[in-house]
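S.K.: Those protein sequence lines, which keep their order, are chains U and Z.
Convert by adding 649 to the 1-based position in the first sequence; the result is the number in the working numbering.
Convert by adding 649 to the 1-based position in the second sequence; the result is the number in the working numbering.
By construction, these hints were calculated from the structure, which means they are not laboratory data.
Certain hints may be false.
Put simply, identical chains are the same to the list, so a pair is met inside one copy or across any two.
In silico DMTMM-like pairs for lysine to aspartate or glutamate, Cα to Cα no more than 20 Å straight-line [unchecked claim]:
id	residue 1	residue 2
1	Lys943	Asp1012
2	Lys746	Glu658
3	Lys773	Glu1009
4	Lys717	Asp729
5	Lys717	Glu658
6	Lys851	Asp787
7	Lys773	Glu843
8	Lys773	Asp829
Everything numeric in this text was worked out from a predicted model, so none of it was measured.
There are 2 protein chains.
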Amino acid sequence: MLHAVAQLETPCLLLSLPRLKLNIERISSALSGQGARFRPHLKSAKCAEVARIATQPHFGGITVSTLKEAEYFADNGFTDILYAVAIIPARFERAAKLIQNGVRLQLLLDDPTVANDLNAFAKKRGLSVHVLLEIDSDGHRNGLTPTDPRLNEIGHILLGSMHVTIDGVLTHAGESYGEDTAEGIQSIAAMEAEVAVKCAEKLRNMGHTAPIVSIGSTPTVLLNAANPGVTEYRAGVYMFMDLFQSNLGLCSHDDIAVTVLSSVIGHALSHNRILIDAGGLALSKDRGTGNQAKDYGYGLVRMANISSETTIVTDANQEHGLVLWNGTDAPPPIGTLVQVLPNHVCMTASAHNRYYVTNEQGDVIDEWQRISGW
Amino acid sequence: MLHAVAQLETPCLLLSLPRLKLNIERISSALSGQGARFRPHLKSAKCAEVARIATQPHFGGITVSTLKEAEYFADNGFTDILYAVAIIPARFERAAKLIQNGVRLQLLLDDPTVANDLNAFAKKRGLSVHVLLEIDSDGHRNGLTPTDPRLNEIGHILLGSMHVTIDGVLTHAGESYGEDTAEGIQSIAAMEAEVAVKCAEKLRNMGHTAPIVSIGSTPTVLLNAANPGVTEYRAGVYMFMDLFQSNLGLCSHDDIAVTVLSSVIGHALSHNRILIDAGGLALSKDRGTGNQAKDYGYGLVRMANISSETTIVTDANQEHGLVLWNGTDAPPPIGTLVQVLPNHVCMTASAHNRYYVTNEQGDVIDEWQRISGW
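Assemble the whole structure, with the sequences as input and the hints as a guide.
M.R.: In structure tokens, the structure reads:
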């Protein structure tokens, strides 16, 4: 099905297969010799074909952020799945169905009431459920600290349970996104590991085996040194990369594997802008680079012969991207195809239901579906 | 199919049918006696059932922002469709198919080259194509001003064309979103009308009939006085309303018809927050209220007995909403259902593939599909 991108309807999502593979190889190199497993996070990709490539160098386990993703990947043959958002009782049934269908599903917990409810549910159903406790290593979002009384409470509730096993602990160093030096990121990574290991040891002291200490984010995994006690790493955006990650110094613009193909649809040269058909829906309204050293607005436009540092999407209406255009150059003719590098690829990809997969020459070689919703 | 919202999987979109109907009645009242037609914009709703209610008090024509919407609404029986984003040659074929299937489709133009191409295309195909010229009344995005030489050029290219008819002009006063007083909005509306009428008159002086002067945005339509020369108004977000529009003084929070139903999934009280399962995907990353008098972060959470002015979604990770929670009140238990009022409903709705339609009592009475993509 090889064909040129010019045959595609815009806006749409392009995925460079060579870049994807390089990014996946790169994280494998970063992890080699650390003696820990790697469990790719598929929340960015939401695509079975990408998942197969991403898991190939590793043990086969994946991370997801919704039960819909868990169900989709289970349907596509993945059997070791970590659902890395805190479980609530209303979702026990869907989780149970996955477990009954043979998925080695891990659930996340940080609340004693939910731990109690899950234990009762699993007992009633005769299920064997595996959980990780969510740890807060940096105040970024939620979870348990070593001194949080809920850690002990959950430990006690599940001690000796015949139905719910604490596999260990999990944390996500979201604060690493606020760092832009290798040293800053590494110090977050060290803290992430230290806090998680401490919590796992508390659980072990209570009598749980809790063998797993799972940490990770793209910055901390890529720049990490070995962390004693850490058994598993997770990351997701590393496969695709984006402008936010490039601003953190973790990749070049050429490493970004996912772009939005868009058409020039207008000229407003008296306002120093051109218009493209990738707006707030196709790019997302994520302003992740807004507080970084280099602000790319809603994305950076690449086109032939144009310095890509200046053609920023300064505003995004629903179906219009407003692109900064200096007054002197002749604008690209209406219909010119451009590629927009995303600020935050997880958000940008979400509006699109497929990837058009490209080869080294930039031609389309395949079309991969991606899922959305909950 | 009447059932309680408690049976829904979260996050999902709720649409209050009574509020929708009130909002639709309200704009009809605002327009009554103005002697102009109203053509609802369906880019926010993307749903045939909503379109039927919205067009019912008017002449039946609709506005859309993508050809996919045009095709979808045509399939659902709508035959008078304005595609209000500048056409490019790559989309001529899809547009032609709609016209050949009997749709009275209007296309938008602001570029002489495209006008030439369209004329040649329509001639070659023996099509009768109707266009509006896009006018820039406020520097907000793009379009032609009365003194822009492109206005004359396009007028000349299409004068006497047997295949492309200039129906008139169209403008969208996007700058009205920057005003927050009735006077400010009304002055934008007056300018919008004045510039558009002036451009239409230029076309008429050239020999075009150009009967249509189409203007509009939710603020300018709701607060408008009659504008001599304006024949058609457009607006879209008025059906649903959102926090951005309430900050403009155009509605109360109770008027907002679309909310995101979400579950409380965690407590992080030491950080003064609770967690909900509506994050950046379910709410969008639109920060539209960020520069307004009252900043609602990524949305405002409503729950029973809670003052809704304080429970703001301060941060939105992919599947986590971080909600401000003061230290003194007991937090809502895990699993509590909340509703999030959206910042910008067009963006928020886009991640969801259906509306759960609720009645006055808040029970679910129907499920309406919505489309996405291009």
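S.K.: Are the hints correct? Go through all of them and say.
M.R.: A quick look at each hint next to the structure:
no., hint, in the structure
1, Lys943 with Asp1012, "neither (30 Å within a copy, 48 Å between copies)"
2, Lys746 with Glu658, "between (39 Å within a copy, 15 Å between copies)"
3, Lys773 with Glu1009, "neither (54 Å within a copy, 38 Å between copies)"
4, Lys717 with Asp729, "within (15 Å within a copy, 38 Å between copies)"
5, Lys717 with Glu658, "between (28 Å within a copy, 11 Å between copies)"
6, Lys851 with Asp787, "within (18 Å within a copy, 63 Å between copies)"
7, Lys773 with Glu843, "neither (37 Å within a copy, 71 Å between copies)"
8, Lys773 with Asp829, "neither (49 Å within a copy, 57 Å between copies)"
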